[in-house]
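What follows is the residue order along each chain.
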Amino acid sequence: MTGTGIGAPVRRKEDQRFITGQGRYTDDLARPGQTHAAFVRSPHAHARIRSIDTSAASAMPGVVAILTGDDLAADKIGGLICGWMIHSKDGTPMKAGPHPALAQGKVRYVGDHVAVVIAETFAQARDAAERVEVDYEPLAAVVDTAKAKGAGAVVHDEAPDNLVYEWHLGEKDATEAAFARAAHVTRLDITNNRLIPNPIETRAAIGEYDAGTGGYTLWTTSQNPHVARLVLSAFIGIAPEHQLRVIAPDVGGGFGSKIFIYAEETVCVWAAKKVGRPVKWTSDRTEAFLADAHGRDHVTHAELAVDENAKIIGLRVHTTANLGAYLSTFSSSVPTYLYAPLLSGQYDIPAIYAEVDGVYTNTAPVDAYRGAGRPEATYVVERLVEVTARQLGMDPAKFRKKNYIKRFPHQTPVIMNYDVGDYAASLEKAMEIADVKGFGKRKRESAKRGKLRGLGYSSYIEACGIAPSQAVGSLGAGVGLWESAEVRVNPTGSIEVLTGSHSHGQGHETTFAQLVSDRLGVSIDTVNIVHGDTDKVQFGMGTYGSRSGAVGMSAITKAIDKVIAKGKKVAAYALEASEGDIEFADGRFKVAGTDRSLAFGEVALQAYVAHKFSGQDLEPGLKEGAFYDPTNFTFPAGVHICEVEIDPDTGITKIERFTAVDDFGVVINPMIVEGQVHGGIAQGVGQALMEGAIYDESGQLVTASYQDYQMPRAGDLPSFQVGMTSTPCPSNPLGIKGCGEAGAIAAPPAVINAVTDAIGHEEIAMPATPQAVWRAVQRARPAMAAE
Amino acid sequence: MAIVSMTVNGKPVTADIDPRTLLVQFLREHLRLTGTHVGCDTSQCGACVVHMNGAAVKACTVLALQADGGDVVTIEGLANGAELHPMQAAFREHHGLQCGYCTPGMIMTAVDMANRLGPDLSEETIRSELEGNICRCTGYHNIVRAVESGARAMAGQPMREAAE
Ligand code: FES
Ligand code: FES
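So the protein sequences, as listed, match chains A and B. For the first sequence, the positions run 1 to 787 when our numbering is used. For the second sequence, the positions run 1 to 164 when our numbering is used.
This is chain A alone, in the form it adopts within the complex (with noise of 0.2 Å):
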């Protein structure tokens, strides 16, 4: 495919001021007469605040003012709220504690924002923030997460044992017929290890007040500037929605760490107008490893059912997830509804039950993380399934082959009707590429230098383009989940197209504008993308759940099919010729069966002059706006094939080969869809191998730095293999499923089947650390768990 239309790998537009250093992302701005603002974080798990003292903090050189909760209250300002409503198995709703943006009366994790400090500079600011003197009386701390239901320690009150919600999914008697029955049931313990998302851009934000106007602005490191923009406004209480316009301007890298309101960013737009000056806080590494959301974090007894045939008949599982000291915006849902309803995998299973218990801890909050819920679903899935054909002594792939859903709409026990796919292809042509078929023989070389060898596979499946607005509020969703656009073509046939969906690493830039050159037959030149600032788009969704290409350029293709029926009329009357028979193709509205036509541009100019018609006939202009709700998930598959070589002497795992291929569905760029499954796999293989964050007993992060929790590097990762199958997505104009979390999701569980297949059992947990793997590699293989 060459060009620039959908299927090309276009390089991308944005890169330029990337490249040259003038990006432009909100530690970059300064606003005139800025003060800097500096918090002062919790050093214990959970404690009772006795007193706070100021006065010497403020007596230091460049302070302009310190803030507490006490202010916060005063000026009547709400807390931080979570989104989506959940409801326990005995249909209460959910126990969630108050969540003040600064600490009132209490502290519950290390790194809660106890206080603020605002100065001229930033340096002063964070000397006077030491001098806050802030009493405490230490309480006994919840931190793990098995642990937290019942504990002596109670996080909040509301939920007097620690318990958010006891939840569930599936059918419990079916479930448990279908065990009955079983010939064979395979029972794992699964540690979903706790991950910190760490964009290289830390969190930052400037607030600013406008007392001419009464106006308020944000500048933030967003996903989803509206969202923010709303719960700012309606549920925060800070501004009307109308004079609060939130920007988030170039951001490096969100995960789903950056959909999230924080404590943070809400301050600093309210102390603007405190302190009658632009409040500009950036976060600092350590600060982003206390107090962004984590990801992950669960405790699964998980049980897979097989009959004599080898078919799989059932599959139960029971998990608790931490949710950290506080509901975060989305968390209720990640461990609920973003999991459970995943659990099928690609599998045919007749009866599924899935028990979820969500727990506090005096932990950082937890919440969506790339992938969010689907890669703990594929991880329990994707054990189960390797070490169940391991028990039955099958072929792991047959063992999958066999069990795949292969005819089309399947309806899962579990809430998803998935719309299409071809399994098989896909794990085929990832057996071909990995070359499977000679294993064998590397497994045999690998052993006669000493060294073990695996190979682990992983056939996963995610909900992505999220969501249908009517599923997901009757799941309890707080916000429709639809993606709004609108496509202006200036008189000269230029376009600018504004979404609501965010760009932070995924390309908008150019993708958007290759569909815009597909459709409308313009150059990708003319073509700009507006997002981020509420100011110029009316509202939208923002950017997570691999959504922005379905659901966003859904919505774009409809706003240019608006235009496209708009120019028709304008040509009719610029070629003096029935609308009816006006064609527009390759840029061209044309005069069916003549050779009269005119250009998209001269239409667009026509549009605008208004002089081939009156205003009265046709309104002037060409913009049209579109808000699409998808009518289903989209549903992304693949498999992903890992082999690794273990070192037995240092418990060194080497990723020898990692081979990816996926069904995305119809791809508008493959190089930038390439990209995004490089990205998932690193940071899937991350939290195989090396990521973990690690709370000590009393609640300190003892991995709070680069030095402390291992991020992958470029060393620790080979060159990926990436191929792809397509089965076009049926529940969307463009026949797009997303791939933005496809890596993360799938490498876990291949990374551990390649690991658990070389040491020849399975017990180990992420992440595979060599001390781990050392220790397992040490161990005399047990016995197998299961009959």
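Keep in mind that the hints are not guaranteed to be accurate.
Said to hold, decoys possible - Chain B is faced by these chain A residues, among others (derived, beta-carbon under 10 Å):
hint	residue
1	588
2	679
3	722
Calculated from the structure, these hints are not laboratory results. Note that the structure is predicted; figures quoted are calculated from it, not measured. Here a beta-carbon is modelled for each residue, glycine too, at the ideal position from N, C-alpha and C.
Starting from the structure of chain A, add chain B with the ligands where the hints point.
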């Protein structure tokens, strides 16, 4: 306060600064050269890499005063007017960036790598030389391709087009 003078991207600059000012703060806040980024506080991520007296340094770990009298080049000074430096062009051609945040540091590190080690960089060399630069977006796959190709282009060898 202390007076510091240096050359930045070919231009002489002098300023009166707090002695604890880091070079990266000096560049970003005093000179408003915001292409050099900060990604950590432990000298680990490499988002801040610039060239000082011809060698790559982490500008978050150098005091501005240590650069006194020196010659500093930042990402903004790499291109020759409108003509991109070959390493910049290679990062675009090979999709070696997504969010762009690590990119200035990556490019400055890569240029230094090619200056020291020449045009023929093996994948292994590139991966081990990138030890001090963290990227959370790309998985490094395309960064490796970009550095390979950019190093060759710096030596005047034609840049290979990315495989399609
Ligand atoms: S900011 Fe300099 S190494 Fe991270
Ligand atoms: S491109 Fe985003 S951190 Fe490297």
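Residue hint residue 679 of chain A, partner chain B, criterion CB-CB below 10 Å: At 5 Å from the nearest chain B Cβ, residue 679 of chain A passes the 10 Å test, so the hint holds.
Can residue 588 of chain A be said to touch chain B, with a Cβ gap under 10 Å? violated (29 Å)
Status of the residue 722 of chain A interface restraint (C-beta, 10 Å, chain B): holds (9 Å)
Hint compliance for this structure: hint 1 alone is broken.
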